[in-house]
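Novice: These protein sequence lines are chains A and B, in that order.
For the first sequence, position 71 matches number 70 in numbering that gives the first Met the number 0, and the numbering has no gaps at all.
For the second sequence, position 62 matches number 61 in numbering that gives the first Met the number 0, and the numbering has no gaps at all.
Please keep in mind that the hints were generated in silico from the structure rather than gathered at the bench.
Backbone N, C-alpha and C fix where the C-beta goes; we use that ideal spot for every residue, glycine too.
Some hints could be false.
[Claimed, not checked] If we take Cβ atoms under 8 Å as the criterion, some of the chain A residues that face chain B in the derived model are:
| # | residue |
| --- | --- |
| 1 | Pro91 |
| 2 | Leu109 |
| 3 | Leu112 |
| 4 | Gln262 |
| 5 | Leu265 |
The primary structure of each chain is shown beneath.
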Amino acid sequence: MARTSTIKRRIIITIVAWGVGLVIFFPVLWTILTSFKSEAQAIADPPLFLFFDWTLENYSIVQERSDYMRFLWNSVIIAGFSTLIGILVGVPAAWSMAFAPSRRTKDVLLWMLSTKMLPAVGVLYPIYLLFIQLELLDTHIGLIIVVMMINLPIIVWMLYTYFREIPKEILEAARIDGASLKSEILYVLTPMAIPGIASTILLNFILAWNEAFWTLNLTAAKAGPLTAFIASYSSPEGLFYAKLSAASTMAIAPILILGWFSQKQLVRGLTFGAVK
Amino acid sequence: MMAPAVFLLLVWMLVPLSMTLFFSFKKYLPLRGGDLGWVGFENYIRFVTSSSFWPSVQATLTIVGGVLLITVVLGILLALLLDQPMWGQGVVRILVIAPFFVMPTVSALVWKNMFMDPVNGLLAHLWKFFGFAPYEWLSQASLFSVTLIVSWQWLPFATLILLTAIQSLDREQLEAAEIDGAPALAKFFHIILPHLGQAVTIVILIQTIFLLSIFAEIFVTTQGSFGTKTLTYLIFQRVLESQNVGLGSAGGVYAIILANIVAIFLMRIVGKNLDK
Numbered sequence: 000m001a002r003t004s005t006i007k008r009r010i011i012i013t014i015v016a017w018g019v020g021l022v023i024f025f026p027v028l029w030t031i032l033t034s035f036k037s038e039a040q041a042i043a044d045p046p047l048f049l050f051f052d053w054t055l056e057n058y059s060i061v062q063e064r065s066d067y068m069r070f071l072w073n074s075v076i077i078a079g080f081s082t083l084i085g086i087l088v089g090v091p092a093a094w095s096m097a098f099a100p101s102r103r104t105k106d107v108l109l110w111m112l113s114t115k116m117l118p119a120v121g122v123l124y125p126i127y128l129l130f131i132q133l134e135l136l137d138t139h140i141g142l143i144i145v146v147m148m149i150n151l152p153i154i155v156w157m158l159y160t161y162f163r164e165i166p167k168e169i170l171e172a173a174r175i176d177g178a179s180l181k182s183e184i185l186y187v188l189t190p191m192a193i194p195g196i197a198s199t200i201l202l203n204f205i206l207a208w209n210e211a212f213w214t215l216n217l218t219a220a221k222a223g224p225l226t227a228f229i230a231s232y233s234s235p236e237g238l239f240y241a242k243l244s245a246a247s248t249m250a251i252a253p254i255l256i257l258g259w260f261s262q263k264q265l266v267r268g269l270t271f272g273a274v275k
Numbered sequence: 000m001m002a003p004a005v006f007l008l009l010v011w012m013l014v015p016l017s018m019t020l021f022f023s024f025k026k027y028l029p030l031r032g033g034d035l036g037w038v039g040f041e042n043y044i045r046f047v048t049s050s051s052f053w054p055s056v057q058a059t060l061t062i063v064g065g066v067l068l069i070t071v072v073l074g075i076l077l078a079l080l081l082d083q084p085m086w087g088q089g090v091v092r093i094l095v096i097a098p099f100f101v102m103p104t105v106s107a108l109v110w111k112n113m114f115m116d117p118v119n120g121l122l123a124h125l126w127k128f129f130g131f132a133p134y135e136w137l138s139q140a141s142l143f144s145v146t147l148i149v150s151w152q153w154l155p156f157a158t159l160i161l162l163t164a165i166q167s168l169d170r171e172q173l174e175a176a177e178i179d180g181a182p183a184l185a186k187f188f189h190i191i192l193p194h195l196g197q198a199v200t201i202v203i204l205i206q207t208i209f210l211l212s213i214f215a216e217i218f219v220t221t222q223g224s225f226g227t228k229t230l231t232y233l234i235f236q237r238v239l240e241s242q243n244v245g246l247g248s249a250g251g252v253y254a255i256i257l258a259n260i261v262a263i264f265l266m267r268i269v270g271k272n273l274d275k
């Protein structure tokens, strides 16, 4: 008796949850579907769901007309290098705070967090002016620096929460066994730190990829990443739903896939370790 | 080893911040005469007495408040749902989280054109199907529409954090309540909700900080028209569009103060967690 009721309950919950999930996911699904339609079918009335003439032509049109590959490349460069440099700066900082904390460590961590709270618009003009004077407007290097700086507090925090979980007893055991500091770091700590570093890289690459304040304000045609590329579709000419959908699908596909792997890190990274 | 990170963040914070402060006390019009001298607090007074100030505060509060309400309430319900045993839990979870990984410019444009367009949008088709006149979402209900778009983006974040919190709930307590025959609602209000208190607070604080500076969603949908000019957007217009840097900088200082008030509460919670 009890068993059938739990199974019944499970069936109902499964149906409700899948329904809700599909509703929330629907805008993404609809965009992907529309990207394979012709422009005429994209605005057909009533809307066509699955039974239309599937085509790939929008993808080639988007690539030809607006040089998608260049924007994609810009996104990869900006997100990739800003994350890489952030990690190179962040690992030593987080490492020393986790393994050799001083009395000021906590204050430093909280202060770092506070720089993340600075509203971007409050320093828009100074950054803009500095960019003009240093000739950084619409360049990769400029964007890499800015995106790296806005994510650095998150990088340090995430790494810190991961490093802090590495048991210190292991270090002591290695020391008793006569390991030198170098081999201690290389053979004992590094293998344990790698999962945390990988998670940090993943989440920050996603955040950098989707950053849309500085990329919109500091880039134009040359160094603009995909966020800026998509924004150029906001003043449409003629029929453009299918092309917009193709462009959007290409902009979000890589990150949706990475995102699936980073659900857990999302919570830790964006709550600064307050929720685990 | 903390030094590089601390040094970079210090420069990143102090240089633009002092420039914003400096400009906020000047009449500074780069395109119309440049630096026209010190004006004391005139910019600060003019910014809050201009006719667009209060509407922008109202728009900001409506969007932030609306998104918080929607994401927290739906987030709790969704988290409770996703916590139940079901088939395909992993897939449903991915469907629900996906919107968070869609870049802001894509989600704003997809919603604007493919859903909220009064002629070809899916919502217009749906309205027609039920016999209603099509609705001009982004002009007739502009604030609500922007709130809806932003809520869609942030619902996954709230859900994930609340789900993580629910899963850390003491199962024995719930089972004990079940054996005592407590009804589902009583269990929710007396056990689950109090347990979620801190997670809800964190969701509210973190989202508020990010929501205060939403930009791309307005930039590509209404460009600040139809009453959607938030404080962030107003400052952006003052600084970059009308190039009144003094006035915009004073606005920026207000935005920084506002964000810091929220940040203080967040830092307190995070700081407490560090001691654990």
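Novice: Name the hints, by number, that the structure is in violation of.
Specialist: none
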